[in-house]
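Protein chains in written order, with our numbering: chain V, 850 to 1271; chain Y, 850 to 1271.
Don't take each hint at face value.
Which copy is meant is left open, so a pair is good if it fits within one copy or across any two.
Using 16 angstroms as the maximum straight-line C-alpha spacing, the simulated EDC-like pairs for lysine to aspartate or glutamate come out as follows [unchecked claim]: (1) Lys1267 with Asp1121; (2) Lys1267 with Asp1116; (3) Lys968 with Glu1216; (4) Lys918 with Glu1216; (5) Lys968 with Asp992; (6) Lys918 with Glu907; (7) Lys1258 with Glu1217; (8) Lys1267 with Asp1228; (9) Lys968 with Asp1121; (10) Lys1267 with Asp1223.
In short, the hints are calculated from the structure, not lab data.
Protein chains: 2
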Amino acid sequence: MDFDSDREFARRLDQQDPLAAFRQRFVIPDPDLIYLDGNSLGRPCRASLERLERLGGEWSRDLIRGYNKDWWHAPGRVGDRIGQLIGASPGQVVACDTVSINLFKLAQAALSLLPGRNKIVTDTLNFPSDLYILQGLGRLLGDQHTIVRVGSKDGDITPDLDALEAAIDQSTVLVTLSHVTFKSGYLYDMAAITELAHRRGALVLWDLSHSAGAVPVALDECQVDFAVGCTYKYLNGGPGSPAFLYVRRDLQEKIVSPIWGWWAQKDPFAFDLDYSPAPGISRFLTGSQSALAMLTMEAALEPLLEAGMEAIRTKSLLLSDYLIYLTDVFLAPLGFRLGTPRIGEQRGSHVSIRHSDGYRINRALIEEMNVIPDFREPDNLRLGLAPLYTSFGEVWQGIDRIRRVVEEKRYEKYPQEKLTVT
Amino acid sequence: MDFDSDREFARRLDQQDPLAAFRQRFVIPDPDLIYLDGNSLGRPCRASLERLERLGGEWSRDLIRGYNKDWWHAPGRVGDRIGQLIGASPGQVVACDTVSINLFKLAQAALSLLPGRNKIVTDTLNFPSDLYILQGLGRLLGDQHTIVRVGSKDGDITPDLDALEAAIDQSTVLVTLSHVTFKSGYLYDMAAITELAHRRGALVLWDLSHSAGAVPVALDECQVDFAVGCTYKYLNGGPGSPAFLYVRRDLQEKIVSPIWGWWAQKDPFAFDLDYSPAPGISRFLTGSQSALAMLTMEAALEPLLEAGMEAIRTKSLLLSDYLIYLTDVFLAPLGFRLGTPRIGEQRGSHVSIRHSDGYRINRALIEEMNVIPDFREPDNLRLGLAPLYTSFGEVWQGIDRIRRVVEEKRYEKYPQEKLTVT
Chain V
850 MDFDSDREFA
860 RRLDQQDPLA
870 AFRQRFVIPD
880 PDLIYLDGNS
890 LGRPCRASLE
900 RLERLGGEWS
910 RDLIRGYNKD
920 WWHAPGRVGD
930 RIGQLIGASP
940 GQVVACDTVS
950 INLFKLAQAA
960 LSLLPGRNKI
970 VTDTLNFPSD
980 LYILQGLGRL
990 LGDQHTIVRV
1000 GSKDGDITPD
1010 LDALEAAIDQ
1020 STVLVTLSHV
1030 TFKSGYLYDM
1040 AAITELAHRR
1050 GALVLWDLSH
1060 SAGAVPVALD
1070 ECQVDFAVGC
1080 TYKYLNGGPG
1090 SPAFLYVRRD
1100 LQEKIVSPIW
1110 GWWAQKDPFA
1120 FDLDYSPAPG
1130 ISRFLTGSQS
1140 ALAMLTMEAA
1150 LEPLLEAGME
1160 AIRTKSLLLS
1170 DYLIYLTDVF
1180 LAPLGFRLGT
1190 PRIGEQRGSH
1200 VSIRHSDGYR
1210 INRALIEEMN
1220 VIPDFREPDN
1230 LRLGLAPLYT
1240 SFGEVWQGID
1250 RIRRVVEEKR
1260 YEKYPQEKLT
1270 VT
Chain Y
850 MDFDSDREFA
860 RRLDQQDPLA
870 AFRQRFVIPD
880 PDLIYLDGNS
890 LGRPCRASLE
900 RLERLGGEWS
910 RDLIRGYNKD
920 WWHAPGRVGD
930 RIGQLIGASP
940 GQVVACDTVS
950 INLFKLAQAA
960 LSLLPGRNKI
970 VTDTLNFPSD
980 LYILQGLGRL
990 LGDQHTIVRV
1000 GSKDGDITPD
1010 LDALEAAIDQ
1020 STVLVTLSHV
1030 TFKSGYLYDM
1040 AAITELAHRR
1050 GALVLWDLSH
1060 SAGAVPVALD
1070 ECQVDFAVGC
1080 TYKYLNGGPG
1090 SPAFLYVRRD
1100 LQEKIVSPIW
1110 GWWAQKDPFA
1120 FDLDYSPAPG
1130 ISRFLTGSQS
1140 ALAMLTMEAA
1150 LEPLLEAGME
1160 AIRTKSLLLS
1170 DYLIYLTDVF
1180 LAPLGFRLGT
1190 PRIGEQRGSH
1200 VSIRHSDGYR
1210 INRALIEEMN
1220 VIPDFREPDN
1230 LRLGLAPLYT
1240 SFGEVWQGID
1250 RIRRVVEEKR
1260 YEKYPQEKLT
1270 VT
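Construct the complete structure from the given sequences, taking the supplied hints into account.
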């Protein structure tokens, strides 16, 4: 599309947006706030807050009986609904625990499947949190595995795919990557990497934290082995809402979780003193999940399922193309450069723009301009675009306010030293 | 106290109850419902539901900024408040994850401290879920450890303390028990068992799920090494609310969690690719916790802290003494026998009463009598007494309705086959 940098053009894009009405499904108390951090924590949809409101009453009235209504089966039921958004047929996804714990469970299970192989392949663009889990697991298993972190190119924007291909060999047990990398927003070709790994006999585990709800994912079609992801980003599940995990059906009975949970027991109410794994995907559960968190998150899936991932992707790409265009026009002259692939196919739903004063610019935006991006080391302003509630007008205004912060040198009063969460 | 079986006597006990006013702090929509399952899921207090109501607005308005307000530090802050209820000074408790996951983390850490020892001692009265975690951990570590389950006496009511003492020897690395056992409600002497284990060079890990908020616990004073517990029972945190864990201060820097989480990283926002454990208790965190679940639970601690554990224990014992008295008078003639120690010092805050038709009686109570106890195999009706909202009048009515179910043979129409959660 031929874009125009005039604000009127943003209005036209919003008028023509087939998903525009979804914004009204979200609770947006301050319409002036330009929220570009839905990739860290999504906005609440009305359905979630309505569900949350009812939950207090249900807890009061139903008490323990709530488990007979919809709490007990929630991990599987919600998992199946998430499955619809990530191309997984029912019985392969459960919602539970945190991404880190789910990665720990599935990575260990993967390693147990191929005891003769000892190389784990990942990359330097992966979430550090995922790398930590792999490191801890390696230590726990007696340092028998080598963790190879493939490097990146283009200033940490894209992975070194040649190096990745070379790293995956006959000794590789597991390839585990973020489908969309957290900093640059690079989108891996899931089909190609999965196929490559399988050809060399390795298993694949994808972290979908930045792709679920943002880009179409086809786990079944790509024959992915394992996946994990969070629900508080583009799935809008709420702060710290439960994570999910996927295990391909034919692998489920071959493995168990290293954390033998009561919810993963064949007949939990028999209170048998010895563990027997439940059939199917339930064997990867552990203990009780917060019903408040789980059901609030479940309600957030409705608008996404209704809109459909193809329409979401179409708008996401238009939003990010437009944002990149405006960055070229307004911000490149001010010292910004793109920290995300220019090619749409290689992009998730956030765009990083880099500036040597990125950290201070980020602070000025939050404290003076009513814009919330986030900052990632060393110089990335990360701008998240959530197609169901981010409008083209917001993108225009967001870029415009960034321009003003730099032109007016408003960031200069902030110290270079990083504030940590206090 | 000399009890009387007349209903009027229950009224007098309620009138004299110094904690009676706390019942009004809880949301009780159906005053006729006799809820005797607060040891499975506590009732919500008003402060929790008010906090829950505000959380929707905070998520909407604060969005990611909520982490700079009270979300990021919640695990430690809430942990310290729980610490006040279990005798732990600040910096030793965090609220996070589930009991199973926390047990996994701490049991592994404990085993790593004494690599020359290979026996884990527990008992058959422990939560099966705890036994499963130990079994899974043992398997993960290559079956190097022996898990000894000490048996019980008096028809599974009390542990075999002689056998326990004999089992703890120079090869024992860890003694892990439920402080209050889930079925019979037996209360271990924490000081004595911890001292015994320490004398033989072993570490101790207590599961406080049935004691936190129900009986006074003195972790620091008893020099306990590790503890875990849930918050959805007597802490009234809500269905599946976050669990907690305790690591004694001087042990913290000697160990790490097997699950190397981002929240346990020294400087998480540096996004370093290699893990370095955070100082102190934070190193036992993993990933993001649900803020909805965590802060709702935090609010539930208020009434408990205000009442104080000594007053709670005094009322708890009076409630259970009274319940046992009424059972002797009304239910023993109908075939019930006590499944809980008669000696108050050996009891937590629930009483099990046993009957060969226990399962069907439980169903009839729920479906016809507006009483909610719960049932535990093979014949236990488990009656939980939550001192802040369980009244003496409720105990009288609960026993009276049980009497009627049996006298009127109302239970006979229910099948013997167990219903599982559907």
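Just pull the numbers of the violated hints for me, sorted ascending.
As far as the earlier hints go, 3, 9 are violated by this structure, in ascending order.
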